[in-house]
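Residue-level listing of the chains:
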Amino acid sequence: MNKKLMLFPIEEYAKAQTKTLFERLASQVGQTAKSTDPEAVHDLRGWRFAIWQTGEGKARIKRSPAALDATEVLAQVARDD
Amino acid sequence: MANKKKLPWKDGQSAARNATEVLPSLAAAFFAQGRDLTPQAAPDGLHNFRIQAKRFRDTLELFRPCYDRRLEQLFKLLRDMQQILGEMNDLTTTRRLLTGYGLDQSRPHLLDSLDTRIQEKVNQFFSVWKKLFAPVRKEYRWVNYLAGRA
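Chains as they are written, first to last, in the working numbering: chain A, 114 to 194; chain B, 5 to 154.
Please note: incorrect hints may appear among the correct ones.
Unchecked claim - Pairs of lysine-lysine, DSBU-like flavour, derived with a Cα cap of 30 Å: (1) A:128 with B:134; (2) B:134 with B:9; (3) A:117 with B:135; (4) B:134 with A:116; (5) A:117 with A:128; (6) B:9 with B:135; (7) A:116 with B:14; (8) B:135 with A:128; (9) A:117 with B:10; (10) A:116 with A:128; (11) B:14 with B:80; (12) A:116 with B:10; (13) B:9 with B:58; (14) A:117 with B:80; (15) A:132 with B:142; (16) B:10 with A:132; (17) B:58 with A:128.
Claimed, not checked - Quick list of simulated restraints, FRET-style, between CB atoms: (18) A:115 with B:80: 14 to 22 Å; (19) B:104 with A:140: 19 to 27 Å; (20) A:136 with B:119: 18 to 26 Å; (21) B:111 with A:122: 32 to 40 Å; (22) A:124 with B:48: 31 to 39 Å; (23) A:141 with B:111: 47 to 55 Å.
Rather than coming from a laboratory, the hints here were simulated on the basis of the structure.
Glycine included, C-beta positions come from ideal geometry on N, C-alpha and C.
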């Protein structure tokens, strides 16, 4: 709870919060870029990430069960072919 | 379709007052949409609800400074539930992709395993929803909290 901020008129509050959120987003993007970890980007989870991993011939996915499932399915397709 | 109605923020009024006046109705809408879900409606119904849940949580995030630490409990509940819905969405998207490649015809057994996982996620979601969100007292608790009455 931030008693000073919460008493701001909604317009000023929205500006302050938007600024904070953009700064946080910039920081997260920076961290992601430094770590070069595609899994840290939400939209790279799931099948897109699974295809990328399968295409690279790697099996490093551990954090997303759904992505892991997709990898197994696509890997099986590759073996069948 | 997820509810995209514009929220009735009042210019010139404080953030805290806006939050206590607007967020309870947003919470009530979230609980109402969740209550209307049935396992038969999945996955489209759950997909729409996932978007509604995201909008609800994102809006709450903006007003985090207006509430005390109890709000973290609600964030945790929402995060855990969104995780399940997110994984279900990943699986559903994968299925759609494979079907687009014609694998539903050439290798139906591959899609069977995905269907099993999707169903597990649906069951997991409804189990969590029934226990942590569905009881009326849970809704009253959070709606009253967001209204500043608890």
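So, going through the hints one by one against the coordinates:
no.	hint	verdict
1	A:128 with B:134	38 Å, violated
2	B:134 with B:9	27 Å, holds
3	A:117 with B:135	37 Å, violated
4	B:134 with A:116	35 Å, violated
5	A:117 with A:128	14 Å, holds
6	B:9 with B:135	28 Å, holds
7	A:116 with B:14	19 Å, holds
8	B:135 with A:128	38 Å, violated
9	A:117 with B:10	27 Å, holds
10	A:116 with A:128	17 Å, holds
11	B:14 with B:80	29 Å, holds
12	A:116 with B:10	27 Å, holds
13	B:9 with B:58	15 Å, holds
14	A:117 with B:80	26 Å, holds
15	A:132 with B:142	33 Å, violated
16	B:10 with A:132	22 Å, holds
17	B:58 with A:128	21 Å, holds
18	A:115 with B:80: 14 to 22 Å	20 Å, holds
19	B:104 with A:140: 19 to 27 Å	37 Å, violated
20	A:136 with B:119: 18 to 26 Å	43 Å, violated
21	B:111 with A:122: 32 to 40 Å	60 Å, violated
22	A:124 with B:48: 31 to 39 Å	37 Å, holds
23	A:141 with B:111: 47 to 55 Å	39 Å, violated
The earlier numbered hints that this structure contradicts are 1, 3, 4, 8, 15, 19, 20, 21 and 23.
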